[in-house]
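Protein chains in written order, with the numbering used here: chain A, 1 to 351; chain B, 352 to 713.
There could be a bad hint or two in this list.
Stated by the list, open to error - Keeping only pairs whose Cα atoms sit at most 25 Å apart, straight-line, the calculated SDA-like set for lysine to any residue is:
1) 353/B / 269/A
2) 366/B / 261/A
3) 674/B / 336/A
Please keep in mind that the hints were generated in silico from the structure rather than gathered at the bench. These numbers were taken from a predicted model, which means no experiment stands behind them.
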Amino acid sequence: MTTDIQSPICAMPHRHTEKIVLGHGSGGKMMTDLITQTFQPPLANPALDAGNDAGVVQPPPHTKLAISTDAHVVSPLFFPGGDIGRLAICGTVNDVAMMGATPLYLTASFILEEGLEISILEKVVASMQSAAEEANVQVIAGDTKVVEKGKADGLYISTSGVGVVIAAHPVGGECAKPGDVVIVSGTIGDHGIAVLEARGDLGFQTQLKSDVAPLNHLIREMLNVSDQVRVLRDPTRGGVASALNEIAQQSGVCVTLNESAIPVRPSVAAACEILGFDPLYIANEGKLVAIVGPEDAPKILDIMRQTRYGEDAVIIGEVQESPAGRLLMKTALGTTRVVDVLAGELLPRIC
Amino acid sequence: MKYITEYRNAELVKKTISQIKNIVTRPWTLMEICGGQTHSIIRHGLDQLLPDEIELVHGPGCPVCVTPLELIDKALAIASRPDVIFTSYGDMLRVPGSRGDLFSIRAEGGDVRVVYSPLDALTIARENPEKEVVFFAIGFETTAPANVMSVLQAQRLGLENYSILVSHVCVPPAIRAILGSPHNRVQGFLAAGHVCAVMGYWEYLPLAEEYQIPITVTGFEPLDIARGILSTLEMLESGQVAVKNAYKRLVTQEGNTSAQKIIAQVFEECDRKWRGIGTIPKSGWRLRPEFAQFNAEEKFDLQDIQTEESPLCIAGEILQGLKKPRQCPAFGKECTPEHPLGATMVSDEGACAAYYNYRVVD
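Next comes chain A alone, as it looks inside the complex:
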C-alpha cells in the first residue's frame, strides 16, 4: 500500500464576505474590497469614483451654500416605510433644504459593528442610493469604521450635506412675523409611532408606515410660487411642538396652534392615547412646518397639495406678537394653553 505524499498546503484565508469583521475597517485590502464592492457601485458618481480623500465638485458661481450634518441611529435598522439608509439621506437633504436651498452633495460616514451581516449593509446602501436618486443628490465622499461587537447597535450613519441657496429672500427660524400663518405638510407623528411599533414596544399593531422622505422638491415648488416663505423646519425629534417653540424663540413671536386643525392619523392618535404621549412631540421624518405670509398662504398650500409629500398640507396656526417666545394652543373647547418644550425623553405614563 502506498501513500501519496502531498506537499503541505496553507488553508485559504476566510474571505469574510458575509459578516463585518474588524479587518473591514483596517485600511487594508478588506476595506478596499468593501468600498469598491458594497459602497461604490450603487452610489457611483464621478467625484466618488475618483477614489480620492475628498470629493471635488464645482459649485454654481456666486451662490450661497447651506451646509448641514446629522448622525443617524435607529433601532430597528429596518421599519415599515423606511430604514436607516433612507433616513440618513433624507435627514440631511431635508436639513439643507429647510434653509431654502437645493441640496446637491452628501458625504456619509459609517460606523459598523463587528458581526453585522454584509447583506444588511448592502440593503441599506441600496436604500440610500434610491433615496439619493429621488432627492437628486450625490454621495461624493465616505468613510467606514468598524467597532468591536457590542460597541454599536449594528450600524450608525452620519451624513453631511451641501446645497445652494435658491430662495431670493431670507429663510430661517428668525424670520417669522406677526400675522403669518403656520402650515404643516401632512399628518404628524407617523415616523415615531411606526418605529415604536417596529420595536415591538406597542404591544398592538397599527398599519402605520414611517413618513421618511426627501422634501427638497416640495420646498422648491413652494419657493417658486412665493417669496413669503419665511421659515421652513422639519419637525424631527421633539416633533412639531419643539420645532415651533424654537421658531417662536428665534423670531421673538408667539405661535398659536388651532388644536382642531392639526392632522393626526387615527392610529397615531390611538397609540398616543394608550401610551400617554402627545402627537405634537412625536418625531416626523417626511414633514415640514412652514411659516408664510398670509397673502400667499392659499397659493403655497395649493402648490404643496399638488406634490407627493404635501398632499395633506393644511394651516394649523398663526403668528402673533405676544407673549413672545411662546407656543400656545387654542383647544377644541376654545380655551388656551401653553405647549412647552419637552423636558427630556418622552416617557409613557403609568396610568
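Fit chain B to the supplied structure of chain A, relying on the hints for placement.
Positioned in the frame of chain A, the structure of chain B alone reads:
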C-alpha cells in the same frame, strides 16, 4: 376613537358648563382626586370655562408624586446592583430621589428598563434567569390587579428571580386624611374613575355619610369632568349628601370583584407614607407574608437609606389642596420639569408639571 372623541365634544362640554353656571349660587371648592383628571382639566383648559364660584383644587392622586422618597431611594439602590434588571413604568425614571434618579443609575451602567406592564417584567425575568428582575410596583388601586397578577404568575411559573418593590396607596384613606385636616377647604369630591373601575364605589358611601360630603365618580375626558362637577354641584346646592356615578360606562358600585379578590389574596393593608404628606394610617398595601419571596425589600439588604428632601418644595401642601403650584416660590425657577425638586413637577399628572406645561406664565 370610540368613547374618547364623543367625550371631547366641545358643544356638549359647553352645554354642561352652562348648566353649571345656571345652578351655582355661591362659591364652592371641589377636589379632583386623580392626577389624570388634573392633567385633563389643565390640558383642555376646562377650569377657564368654569364660573368664578367653582374652585378646583388638585388632589393627591398622582402615584408618581406620592411615592415616598425612601422607596425611590430603595429603587435607586436596587437598580444600581450589577445582578439586577430594574423595570419600571416610564415616568418613574425621572422622579428625584435623595441623590439622582433612575436615569442617572442607567447612565452609570445600571440595567433599568421601561415596561408598559408588570407582565413584561415577568417576561424579562423568564428570559434572564441569571439576573434578579425587580418591578417597581407603584400606584393606586388601578395598577394593583396587574401587579398582583405578576406575582401570582411568577409563583405559578416557579420564577425565583422575580420580585416587586411595592409602594401601593389607596384613595379612601387619603380622602379621610384630607377631610380630617383642620385646614381642609374641600366641600365636594370628584372620585377617580379608574380607581373605582377596579374597586367600585361602595367604599365611598360611609365616607360621604360620615363627613357629610358629596362625591361623584368621575372620568377623565372634558365632558366626563364637566358632568362630574355638575353632579357634585347639584348635590351641594341642594344640600344632598350622596355618592353618584358619572362614569357609568366603566364603573359599577361593586367594581371588578375578580380583581378585588386577587388583590386581597396577595396584598394586605398597611400604614403608608405619602411623599409630601406624611404617614396615613392603613392607606396602603404591601405583600402578604406568604408572598415574601417576591418582596424586593426583603430580598435585598436595604439598610442605611438616608433620605433628604428639598427644603424648597411645597409638594405636600399642593397635594392636600392647600396651595396652588404658582404659590410655590421655587415654581418655574429652581424647580422645572428638567430639574424637578419634587415629584409633583415630574409626572404629567403632577399638578406642578401640569401648570408648568400648559399654563401661560405672565
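Hints, verified against the model:
1. 353/B / 269/A: holds (12 Å)
2. 366/B / 261/A: holds (22 Å)
3. 674/B / 336/A: Within the cut-off at roughly 23 Å; holds.
In summary, this structure violates none of the numbered hints.
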